[in-house]
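Asks: Here is what each chain is made of, one letter per residue.
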Amino acid sequence: MSVEHRFLVRELKLVLARPGDFFKPMWFLILVISMVPLALSPDSKLLGEIGSAMIWVATLLALLLNADQLFRDDFVDGVLEQWLFFNRPLFWLVILKLFCHWLFYVVPLILVTPLAGMMLSVPNDVMIALLVTLLLATPALTCFSALGAALTLGTARSGILGVLVMLPLFVPVIILAAGVLTRASDGSDILPLLALLGAFSIAAATLLPLAVGVALRLNIGGSS
Amino acid sequence: MGWRWFHEWGSPKWFYDRAGRWQRVCGFLALALLLVGTLWGLGFAPADYQQGNSYRIIYLHVPVAFLAQALYVAMAVCAIVLFVWKMKLADVGMQALAVVGFGFTVLALFSGSIWGKPTWGTYWVWDARLTSMLILGFLYLGLIGLRSAIQNPDQAGKACAILVLVGVVNLPIIKYSVEWWSALHQPASFKLTEKPAMPASMWVPLLINLLGYYLVAAYLVLASMRTVILDRERGSAWVREVIERD
Amino acid sequence: MIEFQFDSLFNFLRMAPHGIYIWPVYGLGLLVIGGLAIWIRYQHRQAIRKIRRIMNRESIHEPKA
Amino acid sequence: MLIKPKTLQFQNLTCVRDDRCLFADLSMTLPPGSLLRVAGPNGAGKTTLLRILSALHEPDSGTVQIGEVEDHLESRQEILYLGHKPQVCQDLSIMDNLMFLTEASQMKCAQAVQFVGLKGCEDSLVRELSQGQGRRCGLARLWCHEVPIWILDEPYTALDPGMVAILEDRINIHVGEGGVCVFTTHQNPTNLRFETLELARVS
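From first to last, the protein sequence lines stand for chains A, B, C and D.
First residue of the first sequence? That's 1 in the numbering used here, and the numbers climb one at a time after it.
First residue of the second sequence? That's 1 in the numbering used here, and the numbers climb one at a time after it.
First residue of the third sequence? That's 1 in the numbering used here, and the numbers climb one at a time after it.
First residue of the fourth sequence? That's 1 in the numbering used here, and the numbers climb one at a time after it.
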């Protein structure tokens, strides 16, 4: 079995072994979204307007919940060192790991957002725009949060430092996605912005794993 | 990808002595320039026909805001030097630049928001420049947080170098997206530093101030670097001599 | 070419309508930059004191031959 | 067990850790079939040397080479490294771990599990096993990962005498087939013929 196949199988087994990590982001998303009407007002017109942006930010934060665990368990168990002994470059293994993480944790979370959209009575076309932007933006967000996790691997306690360090870099993605949402709500075309968002995501998803590889290599090599 | 350490010309001892002299020179020059520049800007530059005297804040805000970004770029240069030539000095430089840069960013933010009061009537306005300055502040904070969280200084240096390089690549993207965002939501209101063809008597003091703040930043960075070197090289013999000499 | 813009020192200090915004900004500038300088100098002295302490502790244990 | 014999060679390796020189100008050539024990008190740099040999750590100067490939990083897949950490994923069963870490087939991994005496707990999570059994999971790779160079850091820890004997037999077979093995241990091995590289504790 090729390395890629073994990686996918292992990640799938890990997801089954740790169901908590799978459901926590969804649980968090729905919980935060149900806070919004309580904090604002139940009137559906107001909620409809700001609902999509709220869902977007809540999904972003839900994504970051288990970002720190991406490499930490493997690092503590020493399996991360064994990654180096596969005959694949490290950044390729990072891409594999991030793809699996995106497939098994992030996409299910995105599929739950329509439920949140219904709760905030978000109009349908905006809901579709929300789904598309999330699908386009999350690869970049996953790579950024992976870099944050890799950089803070050397710190003693796991914490949200990896997220805090990376949040400022999410700004372009948030702005582009919000632009798409506002355009979608007043009906004007959203394709140019989606193209920009997609371009940013592709650039991040191809270049960042290199930086993540270097950061991992740094933490593996450093600790004796 | 070898991380072999070797001291090329940038050996800490060599730098420690020279930095002491450069630091004093920068300090006095900066003091002189800032005194002249500020007095000139506050007292002698003509009042702005639109804003009256409140525009005089630009003699602090513009140089400091410019410095905040310049120091971040300087950190990126140090990061490249650290990766390519593996020089410990670049790591020390990055650590010093982060703190000074954050200080300048905070100063730029506050001076910008206080300037907002007479101009727009409220302290905080989501103006394009102020918002990207705020994000720059968070980038600096991330660097300082990461630096203090990792115990092993060499690892902390390289981790920060990676973060700075990724950050500096994203900085223009952040600036453009924030400018696009602010133009999208607000009609192009008076920008903080829109200089409508300033007469010489206005931008000469600005230039002097800019030079002055540059030298102040250099003074602070050099002083901070000397402290960091002292702290990191406390095991070596030359530090002992320096201590006994002082 | 350059002459003093205010007719009296008092007006200079009041600086017409927005004086109360301009002076705090420069005060803040002094505070931040001065604070940084003093804090760095303080850390410098701390580092020297810490090294001195190590040196004293070492010289007590193995006095130089 | 078919492995392509390779020589492990290192020239004037030097490593300095926070300006204390661990070792300097270490050179050695290990032809196929050689067994080397790195000995020395704690903190002498044994683990660091082993990590340098398995290209996990960068020496301050000097080179390491496996076979004819100059770039040590390229030939990393020729190495089996076992460090202090258990090297197996705690949330997976021993079988899943072996299937992930080695290219061996299901049947070969099952055999390996039997060799280390973990028959019957193939499907229990590594976390549920005892510390000794956890170490055996890490060692199981020796039976199903055909690689010429073995670098084992303290393989004897937390092993009972029975398992130690099994391990030493496996090492003898590996060395007999032309493999190279570099290991460290504080317990003295019983039936292994090995050269010793002494790392003096540099005060």
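If you are wondering where the hints come from, they were derived from the structure by calculation, not from laboratory data.
There may be inaccurate statements among the hints.
[To be verified] Lysine-lysine pairs mimicking DSSO-like chemistry, simulated, CA-CA at most 30 Å apart:
no.	chain 1	residue 1	chain 2	residue 2
1	D	Lys108	A	Lys13
2	D	Lys85	A	Lys24
3	D	Lys85	A	Lys13
4	D	Lys85	D	Lys119
5	B	Lys117	C	Lys50
6	D	Lys85	D	Lys4
7	B	Lys86	B	Lys13
8	D	Lys108	D	Lys4
9	A	Lys24	A	Lys13
10	C	Lys50	B	Lys175
11	D	Lys119	A	Lys13
12	D	Lys108	D	Lys119
13	D	Lys108	D	Lys85
14	B	Lys117	B	Lys175
Asks: If you draw a straight line from the CA of Lys85/D to the CA of Lys119/D, is it 30 Å or shorter?
Replies: OK: Lys85/D and Lys119/D at ~23 Å, within 30 Å.
Asks: Sort out whether Lys175/B lies within 30 Å of Lys50/C, counting only the CA atoms.
Replies: violated (43 Å)
Asks: Does Lys119/D sit within 30 Å of Lys108/D, going by the straight-line distance between their CA atoms?
Replies: holds (13 Å)
Asks: CA of Lys85/D to CA of Lys24/A, is that 30 Å or under?
Replies: holds (29 Å)
Asks: Could you grab the alpha-carbon distance between Lys119/D and Lys13/A and see if it respects the 30 Å cut-off?
Replies: Distance ~21 Å between Lys119/D and Lys13/A Cα, so the pair holds.
Asks: Quickly compare the C-alpha distance for Lys85/D and Lys4/D to 30 Å and report which way the hint goes.
Replies: Cα-Cα ~28 Å, so holds.
Asks: Just to be careful, I want the Cα atoms of Lys108/D and Lys4/D compared with a cutoff of 30 Å; is the pair within it?
Replies: holds (19 Å)
Asks: Assess, step by step, whether the Cα of Lys85/D is no farther than 30 Å from the Cα of Lys13/A, and give holds or violated.
Replies: Cα-Cα ~22 Å, so holds.
Asks: For a C-alpha distance cap of 30 Å, please report whether Lys117/B and Lys175/B respect it.
Replies: holds (23 Å)
Asks: Sort out whether Lys85/D lies within 30 Å of Lys108/D, counting only the CA atoms.
Replies: holds (24 Å)
Asks: Within 30 Å, alpha carbon to alpha carbon, are Lys24/A and Lys13/A?
Replies: Satisfied, since the Cα-Cα distance of roughly 18 Å is no more than 30 Å.
Asks: Can the restraint linking Lys117/B and Lys50/C be considered satisfied, given a maximum Cα separation of 30 Å?
Replies: violated (46 Å)
Of the numbered hints listed earlier, those contradicted by the structure are 5 and 10.
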